[in-house]
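So the sequences go chain by chain: A and B. Residue 217 in our numbering sits at position 4 of the first sequence, and the numbers go up by one each step. Residue 912 in our numbering sits at position 378 of the second sequence, and the numbers go up by one each step.
Hints are supplied without guarantee of correctness; some may be wrong.
One-sided and incomplete, this derived list gives chain A residues near chain B with beta-carbon spacing under 7 Å [claimed, not checked]:
#1 244
#2 246
#3 258
#4 259
#5 260
#6 263
#7 264
#8 267
#9 284
Mimicking DSSO-like on lysine-lysine, the simulated pairs with C-alpha atoms at most 30 Å apart in a straight line are [claimed, not checked]:
#10 556/B x 268/A
#11 622/B x 971/B
#12 236/A x 734/B
#13 300/A x 556/B
#14 1075/B x 1143/B
#15 750/B x 734/B
#16 594/B x 757/B
#17 734/B x 594/B
#18 237/A x 734/B
#19 268/A x 734/B
#20 971/B x 1118/B
#21 750/B x 740/B
#22 1036/B x 938/B
#23 743/B x 757/B
#24 971/B x 1036/B
These are calculated hints, taken from the structure and not from any lab test. Glycine residues also receive a C-beta, built at the ideal position from the N, C-alpha and C atoms.
Spelled out from the first residue to the last, the chains are:
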Amino acid sequence: MAKYQKDTDELRNNIIAARELLKKVTISDLLVHDVVMVSIHFGMEGHRADITMMKAAKANAAFEGRTEVTKEDIRKVGSLVLSHRLKKRAFEEVTFDEKELDVCLGF
Amino acid sequence: MSGLLKPAHYPFSAIYGMEQTKKALLCAVVNPQIKGVLIKGTSGTGKTVVARSLGEISGKEIINVPLNVTDEQLFGCLDLEVAITEGKICLEEGLMNRADGNFLYMDDVNLFEQRMLSSVMDSVLMGRVKVERENLSTEYKCNTTLIGTMNTHDSYLNPGIMDRFDICVNVDYPDGYEGREEILRRDLEFNEDPDAFAEKYADQEKAVKDRIAKAKEIIRSVKLTDDDALLIANICATVDMGGLRGDVSVMKVSVTLAALDGRTSLTEDDIQEAAVMCLAHRRKVLKGRRTDLKKKTPVPILSDENSPITWIHNDDRLAQENKALIEDAENIPQEDDGQPHRKWKVADVDDVISKIGETFEAIDLFEKEAGKTRGAAENRGKRGFQQSATRSGRYVGSRVTDEKNPDLAFDATVRAASPYQRRRHEAEDSDMAVLIKKQDMREKVREVRSSSTFLFAVDTSGSLIIRNQMMAVKGAILSLLKQQYVKKDRVGFMTFNSEGIKMLLPPTRSVECIYKLLDNLPVGKRTPLSAALVYLSDYMKVYTKKHKSEKCYVILVTDGNANICLDPDDTETDPVEEALGLAKKMDVPGVKWIVIDSEKKFTELHHSKELAKNLKASYYTLDELRADSWEQQ
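Could you put the whole structure together from the sequences, leaning on the hints where they help?
What follows is the structure, encoded as structure tokens:
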């Protein structure tokens, strides 16, 4: 516990700062478009994936101390948002392909 | 987000798209005679958002019915306080009381118990709730409209219940990216400052409210001419409505649509639009006909607003139009057939072909099985809930018990005892707060979701490999599994050949690995059919004891060419005769057998038909499993 206390404190402070910063984080229309394109590419049906991806990208930007969402943010949260929503083909395990996301985002 | 006590709701007019759904809901707001609106759509398309937004524009409350609601909470029950303190029996209000004059809202309406759903629908349609329980017999008024949502994918709703919804709409989410982007931007804006967002749409909200107010004012003066009525009747007759609810709904909705438009006379467009909203979900699926969607291009439900169909009151033309409507209707995607979503299914077939053989749309042979003994309508329900014999399952009600150690329904027991408390306290001196006697005891009635087990026993012997049938067999198994997978049943997998009898996958719900399993099926040279039968019999005897509430099916996939006896060294007995004999004596209560003949053509060596007969199993060839071959018959 004592050993990790410093790391924990640091993390907590980061989170508190990010919460404050989150209010100021903006996402450009261009990136909104990217989010939607990723969603469509992965066959998401409702809007939950889009909305969550956008929110998560904003949170990630805030956590990294930025006020502007970048493509990198979307890339980072993409798998978290999409992997459990992928359409499962019956009787087969489907795994999320990071590369597919990269191609989709134009990395 | 601001910390308001009252959560900010997304404004009705800020909802992008969903025009048909919004219109249907407006109809329900304007015309209280429209008693039920069902909204169907895939998850996350905004069904709930649109339903919740109704509160603001209608000025009514949206009474949400939670999925775990009990009858007491929903319909009301004995008022305990009054009963105990005054010894009087009166009703404590339930959700249905509160729904009077408001909207009743049920999310995922198909997941509610059928019995409860049916009671709710009856009450809503009658406008009255009757409560007969626990010495209580009363009745109260309940003028409300039921708004239900359901997910298109996992959904089955009893046609009888479906029919009682006046309107059923499908949420159409935008295909292109522009719509989705707009939705995202609006969501962003809403979350940043809900109040400012509401302010922005205040004018539009007011416009909607005004439209509703105006429509309410004039709806009584909307005239339904004889011609209009004839047209409605004609449409309903053409699309082959069984009952008259469809006609009545179309009539109510088309009148409301006219009122919403500020008119007091109907146009053909009103009727056509109403027909689309009211009839699509009532269409019967004709028996023995499964429309193969891959061959035909699906056409939107009935005809959409832009379709070239115009209604003219001329009999010849009418007949012609009706024909067009029927043709349209025949192409309606068949819903609720338990199929996985088509989009990916079609795309996926290609890369499965090589190793596993072509997958196809399989007939639901288990449904067929059940359908033979029970009514076809009932067997779906059988896959819903059934009363539990053990102490597991959901508590749905209570009954009088004289068991020594009952599964006590505490609430019901106290309720039963409550009216007598005053008298009992007078009669005996006790410091107990509540005096409970033996006759008050109530036990819980529980329900469990009934499920089924499918054990596939597959003959993986050389005779199959030689005839190159294994691929086809695998394809068939996968196709059948896909059908079951949707229903979340248990699936097991066993193979038998001269190498041995292997239970590769004991019955389980996590079926993801079957695909891989099928890919690398171990193969052997010969067929120990007798041994397999003995093994299955032993296994299932234990299994059915452990899983009493399950329906068990054993699907035997074999060509019936047994060539190893129970005792491998025995050269006297004919292995086929032995297997057939064993089959005849097979007796495992609670297990249904299905034999799938893996032989392609009928040959001399073909014994599986006889095997099926001896097992009292139903018999299918690989080709018969295909849904399209069924259609041809």
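Evaluated hints:
| no. | hint | result |
| --- | --- | --- |
| 1 | 244 | violated (10 Å) |
| 2 | 246 | holds (6 Å) |
| 3 | 258 | holds (4 Å) |
| 4 | 259 | holds (2 Å) |
| 5 | 260 | holds (5 Å) |
| 6 | 263 | holds (5 Å) |
| 7 | 264 | holds (5 Å) |
| 8 | 267 | holds (6 Å) |
| 9 | 284 | violated (16 Å) |
| 10 | 556/B x 268/A | holds (27 Å) |
| 11 | 622/B x 971/B | holds (18 Å) |
| 12 | 236/A x 734/B | holds (20 Å) |
| 13 | 300/A x 556/B | holds (29 Å) |
| 14 | 1075/B x 1143/B | holds (24 Å) |
| 15 | 750/B x 734/B | holds (26 Å) |
| 16 | 594/B x 757/B | holds (27 Å) |
| 17 | 734/B x 594/B | holds (22 Å) |
| 18 | 237/A x 734/B | holds (21 Å) |
| 19 | 268/A x 734/B | holds (22 Å) |
| 20 | 971/B x 1118/B | violated (55 Å) |
| 21 | 750/B x 740/B | holds (15 Å) |
| 22 | 1036/B x 938/B | violated (45 Å) |
| 23 | 743/B x 757/B | holds (23 Å) |
| 24 | 971/B x 1036/B | violated (57 Å) |
Taken one by one, the earlier hints fail for this structure at numbers 1, 9, 20, 22 and 24, listed in ascending order.
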